[in-house]
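Participant: Here the protein sequences line up with chains W, S, X and L, keeping their order. With the first letter of the first sequence counted as 1, position 203 gets the number 191 in our numbering; the numbers rise by one all the way through. With the first letter of the second sequence counted as 1, position 216 gets the number 204 in our numbering; the numbers rise by one all the way through. With the first letter of the third sequence counted as 1, position 271 gets the number 259 in our numbering; the numbers rise by one all the way through. With the first letter of the fourth sequence counted as 1, position 8 gets the number -4 in our numbering; the numbers rise by one all the way through.
If you're looking for bench data, these hints aren't it; they were derived computationally from the structure. Since the structure is predicted, the reported quantities are computational estimates derived from the model, not experimental observations. Among the hints, erroneous ones may be present.
Any copy will do: because identical chains look the same in the list, a pair fits if it lies in one copy or spans two.
Unchecked claim - Within a straight-line C-alpha distance of at most 25 Å, the following computed DMTMM-like cross-link-like pairs (lysine to aspartate or glutamate) qualify: (1) Lys180 with Glu271; (2) Lys177 with Glu15; (3) Lys180 with Glu33; (4) Lys177 with Glu294; (5) Lys125 with Asp55; (6) Lys125 with Glu218.
Residue-level listing of the chains:
4 protein chains.
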Amino acid sequence: MTYSVAVAGGSGYAGGELLRLLAAHPEFEIRTVTGHSSAGRPLIESQPHLRSLAHLTLDETTPEVLDGHDLVFFALPHGASGALTAQLTDVRLAVDCGADHRLARADDWAAFYGGEHHEPWSYGVPELLVASAAGGKQRANLVGSTRIAAPGCNASTVALSLAPGIAAGVIEARDLVSVLAVGPSGAGKAAKTHLLGAELMGTANPYAVGGTHRHIPEIRQALRGAGAVEEPSISFTPVLVPMSRGILATSTARLAPGATAADVRAAWERAYADEPFVHLLPEGRFPRTADALGANTCLLGLAVDEAAGRVVVVAALDNLAKGTAGAAIQSANIALGLPETTGLSVNGVAP
Amino acid sequence: MTYSVAVAGGSGYAGGELLRLLAAHPEFEIRTVTGHSSAGRPLIESQPHLRSLAHLTLDETTPEVLDGHDLVFFALPHGASGALTAQLTDVRLAVDCGADHRLARADDWAAFYGGEHHEPWSYGVPELLVASAAGGKQRANLVGSTRIAAPGCNASTVALSLAPGIAAGVIEARDLVSVLAVGPSGAGKAAKTHLLGAELMGTANPYAVGGTHRHIPEIRQALRGAGAVEEPSISFTPVLVPMSRGILATSTARLAPGATAADVRAAWERAYADEPFVHLLPEGRFPRTADALGANTCLLGLAVDEAAGRVVVVAALDNLAKGTAGAAIQSANIALGLPETTGLSVNGVAP
Amino acid sequence: MTYSVAVAGGSGYAGGELLRLLAAHPEFEIRTVTGHSSAGRPLIESQPHLRSLAHLTLDETTPEVLDGHDLVFFALPHGASGALTAQLTDVRLAVDCGADHRLARADDWAAFYGGEHHEPWSYGVPELLVASAAGGKQRANLVGSTRIAAPGCNASTVALSLAPGIAAGVIEARDLVSVLAVGPSGAGKAAKTHLLGAELMGTANPYAVGGTHRHIPEIRQALRGAGAVEEPSISFTPVLVPMSRGILATSTARLAPGATAADVRAAWERAYADEPFVHLLPEGRFPRTADALGANTCLLGLAVDEAAGRVVVVAALDNLAKGTAGAAIQSANIALGLPETTGLSVNGVAP
Amino acid sequence: MTYSVAVAGGSGYAGGELLRLLAAHPEFEIRTVTGHSSAGRPLIESQPHLRSLAHLTLDETTPEVLDGHDLVFFALPHGASGALTAQLTDVRLAVDCGADHRLARADDWAAFYGGEHHEPWSYGVPELLVASAAGGKQRANLVGSTRIAAPGCNASTVALSLAPGIAAGVIEARDLVSVLAVGPSGAGKAAKTHLLGAELMGTANPYAVGGTHRHIPEIRQALRGAGAVEEPSISFTPVLVPMSRGILATSTARLAPGATAADVRAAWERAYADEPFVHLLPEGRFPRTADALGANTCLLGLAVDEAAGRVVVVAALDNLAKGTAGAAIQSANIALGLPETTGLSVNGVAP
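Next up, chain W with everything else stripped away, as it sits in the complex (with noise of 0.2 Å):
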């Protein structure tokens, strides 16, 4: 069967890469598209990239013109999307790209992001593992839910880097290290001053630096989930670096007593080895966004420094693809009951 799908707040990136994505899905069907300051006016003149949907007009993000769809996927900014999911009768599956109903506990929304918490929704990065007497992945959490929180880029980013080997107790979860290359289109399409071409071209700008960035939270809750026996502590840092899109994200952890280097590949090894979308490369090998850009894929380069006592995973993935709208496409095809790879590709455009 196919699937009716309208996209709220189709005009900004993570929109955007929702409706490229959309677009190649042979079981979903892009019905409406809503925006904001651009509804009334064309698709097209807000995303020139997407020609296939050049026949597409941005209506207003109402519930009235959103209830009625199979599913609604949301692409608002945070906090925007509660009030008005609430208000849906007839939408089967919703999936938020924000971040409001992602985290579990109140208290860390209240210290990340104040104001209201939202009742938190299904949320799964499929492939982290799941601490449980059965074992298995975060996955399990979305079957057949109606209603999900497609999780944030830079947490998937680095729970995906660091939970084979706290799942398997050859790192530590305490004092665990993230600085991260990023792409300005994870800041999203408002005009700010600090996101300029001219501010970002030719240099490298860190922001948020000690602690404070708004995606911590769901980190260590997804550490915590992993199974982690202590509770997960990280230092992360983001750096903007000049390219669109992209994370590369250098997660260190302390090396547990005992471990060794085979026991360190081994844990990434077992837990990505049938995973479609979740590569470890080659020892010696590790990956560049390049590889990972466009693509529903978060690669895995691993290291074990024993100078340093430390192992260092490399992971690289589309913010906007994997990190943001293929994830939350992943999600729907695993809640629906779809193949979980339907209309997701694993090619990177590069160069």
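Got chain W; can you put chains S, X and L on it based on the hints?
Facilitator: Relative to the frame of chain W, chains S, X and L by itself:
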């Protein structure tokens, strides 16, 4: 007085930056520039941005050509300056921008470079703290010296980032973690596929992951000298990003037991309060590489992440300027008794 | 039916894009990929973005390896495919992405390439107008063909930009001027100093200035075919800019005496109204290369500058996709009688 | 003597470059810097690369603040300097980097800007040829002047490219074509969606296509002054490319009947032989924007394309340096009788 100057290896990136800075130095006069495959050709062909030096022709890199100058700067591939300098009989001051003479320990050389360990020369990041009865900075190593090994760009950046905290005992020297966003000019001008524009634009590429980078022993040597009571250990990962120049190093260290955020900031403030070329930014501000582009500065931002138990230092530095050519000229100024800031700018070229 | 496919020269940029697009083509099955220095190595080492092809190993580029496939795509350096294809005995369709078989006139070959002039193969930019009694497009050249020379990226871009006006007589074919902003992937993956990232980032670099570029005769040949009553002449200047892919061609032509702005727009509208891959944007809108990135599209913007007496056409096209690999696959679709759009996307990857 | 200097509009890109260059000028002393929304804040917050000016605080942009300085440089949005400068009573020399006072013809102003046409000030690209009985250059316009409208970056680049040929009669002034690859810093620091980093990285974006760019009348005015016997006409298209600074202008003109390649080269050689800031490269060589980055130079490459019947001039210039701030300072040097090159570098910052 004016010193006559030769630059050996003037057709490459480090050589070009040396020439750019020397051309603006009021006490140095460029007499001779040498090259290898470009010997016999006008300098302007390999350095088309150096209009003021358009009258120069590249000579062969031989002892005969270099001898007789007051100063010779070497910007040759690693391993090339050793034999050459041994044959110089009439050069007051030689400054090597390569690694040949930097490492005091032969085992470090053997482990990371291999081949013959050259005699260590005077080495110093001028602003770097030295642990000694009298306290002090590494600039003391350079006063009156005739043979100087200029520090490497990565080592300068990381050592300047972390030494104040180690010297003051507010961070631990073990288990340091540095991740650097770097531009490809540091890798030199030799044609290599992985350094092609098409390979590097729009993507972030890690390399030398897992403790294999050759600058690690130099960093440890510097931190040891700054008073590390335990042997420093560091996880060091460079990531190539799409900017031709610049290093943005995010370095983190465990907060020492009992150290407060105020202690931490005070340590860095004290270390660099009077330094013309190293600047600690105010609380909450962090540098961009653009702010140091073309300048002889290292800009530092500092945060204490209590939740992660780590101090985070973000440092911006131009790998060719303060990281290589500026450091070499600053060293020469010190060695010759000139004001240390002669001919060196603190202003970057931005945007 | 499914056609078996080999790609000769699969380790380079054009080869990589062929493989990326072929992997998504429902009627083609990649059986064999060949390389030169990388023969014997896994394809994923030279094309780390092509995860779906990670099972393939590069073979030697020999007639024995290539023979027996329904289709062979050649993505070899110019001059390499001629001798090789002459030895193939059992290949239904060969498509050459190089220049060897494009030029009909031996004197053009002699003037711009030199060496032996290879036999011209079927050549066609499918959407390009052909002057003939019946009217038509170049795609007619390709139907049922067994040997195809795929058009070059610059020629496709410029010819598609200007042919409608020439065919309609609203612009003159003499004194055309095209200036192209191009990414370096068009220059291939061979290591050359002037293509290093440090040479290309943050700067614009012209090359082949003054009428020396090898694609000029191909452009003139295409425009001649479109019905130029006078011999076309064109000033053609490419400028390398810091993006890995893409061509943005600004082409101008003298407005023909008596032609109105409405005549001009009508000529282009008529030419491309039914084309799936060539799109004229509305009045006042102009394309960006990002809008065509990874897509099989050529996007055109059109203006009439009355004061200057010139028509201005801005065209955006991905040199590797519609410019090379997409063109080759589109040609193969036509030759084999498949729907022309099979396996080819019109959506770009942006931002 | 030292001149006291104020910069009005010191928080933007042009203002920042003025300050960077003024800080290195031996005869000028920066006393005052003004801003708008940033008034009252430390300059270093908006210009974090200008460490040597970290002691300055931005003042309000009022006549009271500016009066009393020997020199005032205006780097304000177009239209803002007119009213302000009318109220200054005690400023020896005012130099406006905006367009307000550049255009001699009121109808040009009306057609391209609209609103009140301000009184033209002394205007001159110093090196630009002037057609007169005595011959000469535009610098004569500036000697002893007290009110100077500094030329625009695009006009300087294109006029310097073409004037020698027009003045010498070896190219025609009609039917000129210029296409410029430009960086976004020329568009200023105001936050606009289409100037976001994510919109500009990895792509080339044309704008003001079809003869609408506001710098066109300034170019025509300059070429008219250089001795065009017919009214100059020019097709002018700027293309934003992913570099923060720089203009690479490819300008072509019809070869005049009877003019030889030698005539052409001689015309440009003669025009710039003695100029310190405008350089014609040797036959077969063309400039990159990197070669002029941060420098007060315009670098020119020249070719005659006999087959196309056109002369091609490629010019590289830094829009903020020689294109704006350097031009303003060079003008001030001339006006005040200082050596024209005082405080201005000919060396670019590359790679």
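Participant: Broken hints, numbered, in rising order?
Facilitator: Of the numbered hints, 2, 4, 5 do not hold.
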